[in-house]
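Student: As a plain string of letters, each chain reads:
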Amino acid sequence: MADPMRIRAAVAGDETTVRVLMSHIMEPGTRRDAAGALIPGHFIRDVEATHNGKVVLEAAFSGAVAQNPFLSFKFKGGAKGDKVVVKWVDNKGDTRTDEAVIA
Amino acid sequence: MNNARRVALKTTGAFATLVSLGLITQSQAHAAMDRAGFDIKTMADAVKALGGTAANSDQVTVVAPDIAENGAVVPVGATSKIPNTTEIYLIVEKNPTPMAAGFKIPAGTAADVQTRLKMGQSSNVFAVVKADGKLFSAFKETKVTLGGCGG
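Protein chains in written order, with the numbering used here: chain A, 1 to 103; chain B, 104 to 254.
For the record, the hints were derived by calculation from the structure and aren't laboratory data.
Among the hints, erroneous ones may be present.
Computed Cβ-Cβ distance ranges for the label pairs, DEER-style [stated by the list, open to error]:
no.: 1; chain 1: B; residue 1: Asn173; chain 2: A; residue 2: Arg19; range: 17 to 27 angstroms
no.: 2; chain 1: A; residue 1: Leu21; chain 2: B; residue 2: Pro168; range: 16 to 26 angstroms
no.: 3; chain 1: A; residue 1: Glu99; chain 2: B; residue 2: Ala158; range: 12 to 22 angstroms
SDA-like mimics (lysine to any residue), calculated; alpha carbons at most 25 angstroms apart, straight line [claimed, not checked]:
no.: 4; chain 1: B; residue 1: Lys144; chain 2: A; residue 2: Ala37
no.: 5; chain 1: A; residue 1: Lys76; chain 2: A; residue 2: Asp98
no.: 6; chain 1: B; residue 1: Lys197; chain 2: B; residue 2: Thr182
no.: 7; chain 1: A; residue 1: Lys80; chain 2: B; residue 2: Pro209
no.: 8; chain 1: B; residue 1: Lys207; chain 2: A; residue 2: Ala37
no.: 9; chain 1: A; residue 1: Lys92; chain 2: B; residue 2: Ala175
no.: 10; chain 1: A; residue 1: Lys87; chain 2: B; residue 2: Gly211
no.: 11; chain 1: B; residue 1: Lys207; chain 2: A; residue 2: Glu48
no.: 12; chain 1: B; residue 1: Lys207; chain 2: B; residue 2: Glu172
no.: 13; chain 1: B; residue 1: Lys197; chain 2: A; residue 2: Ala37
no.: 14; chain 1: A; residue 1: Lys80; chain 2: A; residue 2: Thr97
no.: 15; chain 1: A; residue 1: Lys76; chain 2: B; residue 2: Gly236
no.: 16; chain 1: A; residue 1: Lys87; chain 2: B; residue 2: Ala213
no.: 17; chain 1: B; residue 1: Lys197; chain 2: B; residue 2: Asp148
no.: 18; chain 1: B; residue 1: Lys237; chain 2: B; residue 2: Ile143
no.: 19; chain 1: B; residue 1: Lys197; chain 2: A; residue 2: Asp46
no.: 20; chain 1: B; residue 1: Lys207; chain 2: A; residue 2: Asn91
no.: 21; chain 1: B; residue 1: Lys197; chain 2: B; residue 2: Val165
no.: 22; chain 1: A; residue 1: Lys92; chain 2: B; residue 2: Lys207
no.: 23; chain 1: A; residue 1: Lys76; chain 2: B; residue 2: Thr189
no.: 24; chain 1: A; residue 1: Lys83; chain 2: A; residue 2: Gly53
no.: 25; chain 1: B; residue 1: Lys184; chain 2: A; residue 2: Val55
no.: 26; chain 1: A; residue 1: Lys54; chain 2: B; residue 2: Ala175
no.: 27; chain 1: B; residue 1: Lys197; chain 2: B; residue 2: Asp235
Simulated coverage check for chain B against chain A, where a stretch passes if three residues somewhere in it have a Cβ under 8 angstroms from a Cβ of chain A [to be verified]:
no.: 28; stretch: 172-178
no.: 29; stretch: 207-219
C-beta atoms are modelled at their ideal positions from N, C-alpha and C, and glycine is treated no differently.
Next up, chain B with everything else stripped away, as it sits in the complex (with noise of 0.2 angstroms):
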């Protein structure tokens, strides 16, 4: 009988250590970024998003092929010259969602990210950098001669 409530308790107790496991995960899964541009389907409305409209400005490069055999993995970067850049994003126009990745640039980290994005076919990728609060952008022509999002 001692024993059978025993095991009762030490049941329930690896349930509530289970529970509070649980609990942990999910307050640790907290959105870092605003993702609001993220599942807009136009280029227009997602640099709406980030409030407003970009200026076009040759401080701001994107680093892409010309030509793009594989749409899987295209390396894109950007780099800002604009003092107090803050924030990256990385918009490939024809996307089905162009709005690809946001980067969030800290004081003491140069404005200077590279990563790799699908496209879906040969379309303009554009650099929107945030700067002291205003927008700027620059873009660049990537053919793509086998498109990477399926369908």
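Only chain A is shown next, with the shape it has when bound in the complex (with noise of 0.2 angstroms):
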């Protein structure tokens, strides 16, 4: 399994701030190893984050996503305290839903 994400959540104005530093390691699926061997790919393939049930972000990443995914987003109509959840699914299957309050 892997490790917990890093998620901030930050409400300005009317606005709320979210940031997420998800841990992976984004093979990209196009490196060689010393052999000579094509590394297969393992990288984040979906990402969504919800707010009191809705989704307020969907992404979709490819292995050109950098090691250890940040991934900075604003939306509108959060409040201190409520819940921002993220999840994600990688191509293996693999999937970790953190969540955060809204400071």
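Could you use the hints to bring the two separately framed chains together as a complex?
Tutor: Following this line, the structure appears as structure tokens:
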């Protein structure tokens, strides 16, 4: 199982800024090892962020997203104390869900 | 005798649970977004897969550094001031598969996302946004001193 995500969510005015740091090797599948064999790809495919059960962002990643992906976005309607839940699924079917409270 | 039968029953029960768990994970592993563009090798075809050609727009901004020292971690973001922006795609023109990431922006979420990408070499970084079914784009040139896609 993968390591937990680090999620920060802060409300300023009517906008909530969410910053997520996922822990993943994000192997693109184009690199070769010392013997010249392709290293199979292993990367996060889908990310979904929800606030009070409503989807606030969906993202599709490829192997071209950097290792330990960072993601930042803003949405309206968040309030202090609300929960933001982020879930990712990688190309091997591994998944991880973490949540943070809006500060 | 009876004990052996009980053990056998228990084992089959456990197996059934495992299978049903396996089935649940399979149905959960659905593709949330259309990934047609992600396997395409050229920039033009990738934009075509999104639905046609993209018009240049000064309402779209790519946030990327002029010079990236390490191509393995290049902070790239995009913002769009076009109303009803529903999708944002980040495309690195000279990567082996140019399409790097796509975002779906529901109503209420700002068309302003940031992430970090890998870049194999110096290239133009494009942001293609979809608003009211039309595509708009903008790009920024980023020079990479050390590639991040291996070789």
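Student: Decide, hint by hint, whether the structure agrees.
Tutor: Consistency of the hints with the structure:
no. : hint                                   : in the structure
1   : B/Asn173 / A/Arg19: 17 to 27 angstroms : 21 angstroms, holds
2   : A/Leu21 / B/Pro168: 16 to 26 angstroms : 19 angstroms, holds
3   : A/Glu99 / B/Ala158: 12 to 22 angstroms : 39 angstroms, violated
4   : B/Lys144 / A/Ala37                     : 21 angstroms, holds
5   : A/Lys76 / A/Asp98                      : 21 angstroms, holds
6   : B/Lys197 / B/Thr182                    : 22 angstroms, holds
7   : A/Lys80 / B/Pro209                     : 21 angstroms, holds
8   : B/Lys207 / A/Ala37                     : 35 angstroms, violated
9   : A/Lys92 / B/Ala175                     : 22 angstroms, holds
10  : A/Lys87 / B/Gly211                     : 19 angstroms, holds
11  : B/Lys207 / A/Glu48                     : 10 angstroms, holds
12  : B/Lys207 / B/Glu172                    : 30 angstroms, violated
13  : B/Lys197 / A/Ala37                     : 23 angstroms, holds
14  : A/Lys80 / A/Thr97                      : 21 angstroms, holds
15  : A/Lys76 / B/Gly236                     : 23 angstroms, holds
16  : A/Lys87 / B/Ala213                     : 20 angstroms, holds
17  : B/Lys197 / B/Asp148                    : 13 angstroms, holds
18  : B/Lys237 / B/Ile143                    : 21 angstroms, holds
19  : B/Lys197 / A/Asp46                     : 23 angstroms, holds
20  : B/Lys207 / A/Asn91                     : 19 angstroms, holds
21  : B/Lys197 / B/Val165                    : 16 angstroms, holds
22  : A/Lys92 / B/Lys207                     : 22 angstroms, holds
23  : A/Lys76 / B/Thr189                     : 15 angstroms, holds
24  : A/Lys83 / A/Gly53                      : 9 angstroms, holds
25  : B/Lys184 / A/Val55                     : 21 angstroms, holds
26  : A/Lys54 / B/Ala175                     : 33 angstroms, violated
27  : B/Lys197 / B/Asp235                    : 28 angstroms, violated
28  : 172-178                                : holds (count 4)
29  : 207-219                                : holds (count 11)
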